[in-house]
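Protein chains in written order, with our numbering: chain A, 1 to 161; chain B, 1001 to 1410; chain C, 2001 to 2678.
Honestly, the hints are just simulated from the structure, not real lab data. Hints are not guaranteed to be accurate.
Claimed, not checked - Heads up, simulated DSS-like pairs for lysine-lysine below, C-alpha to C-alpha not over 30 Å straight-line:
1. C:K2186 to A:K149
2. C:K2067 to C:K2398
3. C:K2627 to C:K2253
4. C:K2530 to A:K32
5. C:K2095 to A:K24
6. B:K1251 to A:K104
The structure displayed is predicted, hence computed values, not measured ones.
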Amino acid sequence: MRIVEVDPTSCVACRNCEYACAFKQTGDFDTKDSNIRVNFYPEERVCIPWTCVHCGEGWCMEVCPAGAILRNPETGAVEIDANRCAGCKMCLLACPSGSIHFDKVELVSKKCDLCGGDPACVKFCTSGALQFVEEEEAYSFRRESLDNKLKRLFGLNKRGS
Amino acid sequence: MQIVIIGNSAAGLSALSRFRSIDQESQITLVSAESATAYSRVLLPYYLRRKIPHEKLFIRRPEDYERLSVKTVFGVEVRHVDPESHTLTLEDGRTIGFDRLLIATGSRPLLPPVEGLAGANVYHLWTLSDTEQLDSLFRPGRRVLVIGSGFIALQAAWVAQQRGLKVAVFELLPRIMPTVLDERAAALLHQKIEEHGVEVRVGIHTEAVERTIKGVLRVQTKGHPPLEVDLIIVGAGVRPNTELLDGSPVKTDRGIPVNEYMETNVPGIYAAGDVARGPTAFGETHQTHALWPTAVEHGRIAGANMAGQRAPYQGSLNMNVTEMFGITVASMGKFVKDEGLTSHVIDETGQSRYVKIILREGIPIGAVALGGAEDTVILGRLRPWIRNQRRLPDVGGFLEGRYLLPRQVA
Amino acid sequence: MPERETVQTLCRMCDDRCAINVYLEDGKIVDIDGYKEHPWNRGRLCVKARAAVDMVYHPERLLKPLKRTKRGFEEIPLQQALDEIAERLLAIKDKHGARSISIWKGEAIGFAQEEDMARRFVHALGSPNYFSNDSMCYNGRYFGYRLVEGAWPIPDYENSRCMVLWGANPPHAHPNMTQMIMRARKTGAKLIVVDPRMSAIARQADLHAALKPGTDGALALGLIQQLIETQGFDREFVEHYTVGFAELAEYAKAFSPEKVEEQTGVAAVVVRELARTMAVAAPRVAVYVGNGPEHHENGINNIRAVACLDAILGALDREGGNRLAEGFKANRLTLYDKIPLEHLAPIGADRFPVLYGFRQECHTMTGMNTILSGEPYPIRAMILTAANPALTNPNTLKVREALGSLDLFVVRDLFMTPTAELADYVLPAASFLERVELHTHAKYQLVTMTRKILKFPDVQDEYQFWHDLAHRLGIGEYFPWNDETELTGWILEPTDISLERAAAHPEGIEHTPIHYRKWEKEPLNTPSGKVEFSSQYLKDLGYPALPEYKPPAYLESPDSDYPFVLITGARKLIYYHSRFRNINRFRTAIPGPEVELHPDDAAALGAADGDSIRITSRIGSVEVPAKIKSAVEILPGTLQMTHGWKEANVNLLTHDDRFDPISGFPLMKAVEVRVEKV
């Protein structure tokens, strides 16, 4: 399945992803409604976008007392069926990365569903920090980055070319 | 192999799921004393409160069992288990043979030994049947006394208040939710409950219940005038359903002790859920955590082990969340006794918010949060730290939203 | 499910011009997303693009011409509006002469053919007085670089080993550039950001030089000094392709890292590290200067000093360095050769000869004074399109007074802006989804044609407007084409791209292949044909030949009455200048104006986040809520306030009487102010 690959070293906390996701959910830009959140730490100069990673063994899925959290067979996304959700918040307690939030208006839990396979956050990420890639290939850019460093270290430093 | 699972709730169904994901060949029979389709106990108050419709209580349909090739025997109690002959005997006399057996019979509510308590107009809020009965009895203006102040009792009180009944809560100990909340948190919740017009009395001993001719219940307490109510709901603890093991070699001791593989003392027989006393995330070997998430975990481990995977359980981390009286109460781990430990508190009780994280030598061991949904998320994020016993030096930063994942900690 | 039609075009919510898919159902636009095939943005977009759907159908959108009457604005038929405007223009022309009529073209209509139409019109009419937003944007960099190397170059991020973003913040200003920068970083290129604030891009900088506002020249000269001292410069290139190196090197000697630290606040060790990082990466160093350094009294020379780095590092027109783009050799609409009008004293040309000399542009701030005083001759009429100077030019009160005093003021816009409120006639203008025009993306030397997707009955595109007016004024021969499509066809005539071919390739067509090292074969576009560290052209005009550094006034002669320094105009992604404040969801994200403060300054003022702060300059005063940043995001003693807000207009504070002497750009980013809590 394809997942949203996140590169904190390319993120500039512009929050386009939060706006795009919130817009998809509600038509407005209230970032509380976004399923993707960006944390920015000014003192450390670190930007971390984060969303549900659709765990292979989702604890939220397992623990839901209403059986409202299921895996979408097409996209592989872990999705909350708002019609089944009773708003008990057990999934909020279950998710280790805090990726589920509670909608105080509809009184149900909400989370990323990969937009059915065309995630809005990725489309509107201006820096390219978010990519939608096959899980087997995810984070291969880290390897490429390392390769580039090694290439330079081992003598291809072409100054003046 | 012949697999038999006794129990059709969280533990039993979780075990069933996990077993089948590993072993699609063995035959499975699922026996349950309740005849209703599998329902979620956690959701019963939501239905009673009219938040969800009746049909949403059910978490399995007949086709789900068909898909997993499970034979079901519903509405029949198991009378006796005989490990020697590998059979169990049902109440109608039938026997079922097994190679591996999972006992996930759960627990049932306790009735404290109060004179006159057993009898008409006294209920629990535990089963679907209880709930349907209470649903027909809840009328605006009726008076109800809730005895006990644990999660179930207070949910019952909340539901009744929302349905327009006049509610009083009696708690024996000096504060409400004594095993769940510390003094400060209990005081905050107590206040929220009273703000909703529910009378709360702590440190009160119920001595006797009389029934008048008109069916009104008169409740006698020490040092107070009698209280007249139309019904009583008792939420004063549960006891494990181990009667089926009486006289059998399977050891019971306030529940069924199991090891980290959910095995009882008898090979081939497992136990999971409220009926079991298993390992905890803090290293205790036999504890009952009568909680839905624990039952699900137990079931998963039992199912895996029964299918031949030697998968040890990391231990139950007791966690629970419920919303009532306009506040969300979430708890995890050990957070009540804090002598000799560090606690990090956000005390905003004026804004209906109280969060406390307890640490032992810098490692979080528990937390309680009263507040909004975001505070529940904090506990969810804390879970990996508690489970993996990782140091969290910057609790303040953590509460601000830093350290998404444990690896972020410097 | 209704049938969905998809049309490709370019987005012009800002100047990045990303390629988009526009989705229509029953002729109504319902959605917009990125067009993956276009190499410019590769399918990525910012959230402004989708908001175009809300913008074109906005309930506040002007759809009928308006005339000012005693009862306020009244709708009148389009033909009547055009007739009346033409009549009044002719009367003014008769009475005061053609040059009393001026045009102001704003950023929102873009550049290229839209700009050229406006220039053509005013020239055909006999007036040299073309004003535009470029009196305070873009030209600063253009002059700074053209004076040194003949053109403003395009950074080749993807092949670079070191990128320098100097007073530029792509994530908010030109969002698409961010993905190019990040792709380069993935290959190991280093990112240096020079900016007094921790802007969005600075969050990922390997080195962030947070220099004091207006001291860019000192830092640039300090880098030059270090590169020369440590032999980190391209000796061969400098020897063969530059003039004035010896003089520059001599002048730069004084800018030791310690002296630079004193002047800029950037630590000496960081100055050395910056130079070293650039030297190691040379010649693959791509430097991009943003609007930041332009708005200073020493702006041009500061930018020239930065521009010198290209040659010093040997990065000029090299792969991974700063490339000199080759233009699209199409027909131009301007009439400067056919009808030269310099002799008519274009406003500001005498004061700022480089501005008129290089760009045939008049100086807007001088224009305001001219309107009010009538000196050196009257300006009595103005047609303004796609601009909002009543909010975005410095010294708002004077701008309002001036524009309000014109005999005839015609404004074209999509919405009723504060500028339009001063007009005699407000004409509804076509948005980018309603125009056919050509855009070039210099980075890939692509040309793309947009599509006219919508048409509202009385809403004219620019060409239609100029055409109809021109034909009423007797200059119709200069606007012979029937519509903008025909015009576009004429523009394309000398090229090998036909209208049909352009229409068939929404992913753009490369008009000229990309070449590097063109200086090996042809001279640069400077008087000497080489890189000019020292400019005879400037010397002849009476300016210093070298990019001499003059400290900003607030450092050189601090005024204790105005002890803080205010930076204005930092970009916000979703609000482009004064635009888009009427998109509701944008207001959810960023509800209103604020002034950024250092926490120590806030504490000294006794101000908490959200408290109302009064900022006062020698020009005026404004009250605005405080936003307390983290101590690492802004320098103590400096403030930043973004422009374009009616509720708290920072241009009530900015100077229209202090300029860079070469470009005429106003001081907007180092304004002396005092601050108090309200």
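Structure-based check of all given hints:
no., hint, in the structure
1, C:K2186 to A:K149, "holds, 10 Å"
2, C:K2067 to C:K2398, "holds, 23 Å"
3, C:K2627 to C:K2253, "violated, 41 Å"
4, C:K2530 to A:K32, "violated, 56 Å"
5, C:K2095 to A:K24, "violated, 58 Å"
6, B:K1251 to A:K104, "violated, 47 Å"
Hints 3, 4, 5, 6 from the list above are not met by this structure, while the remaining hints are.
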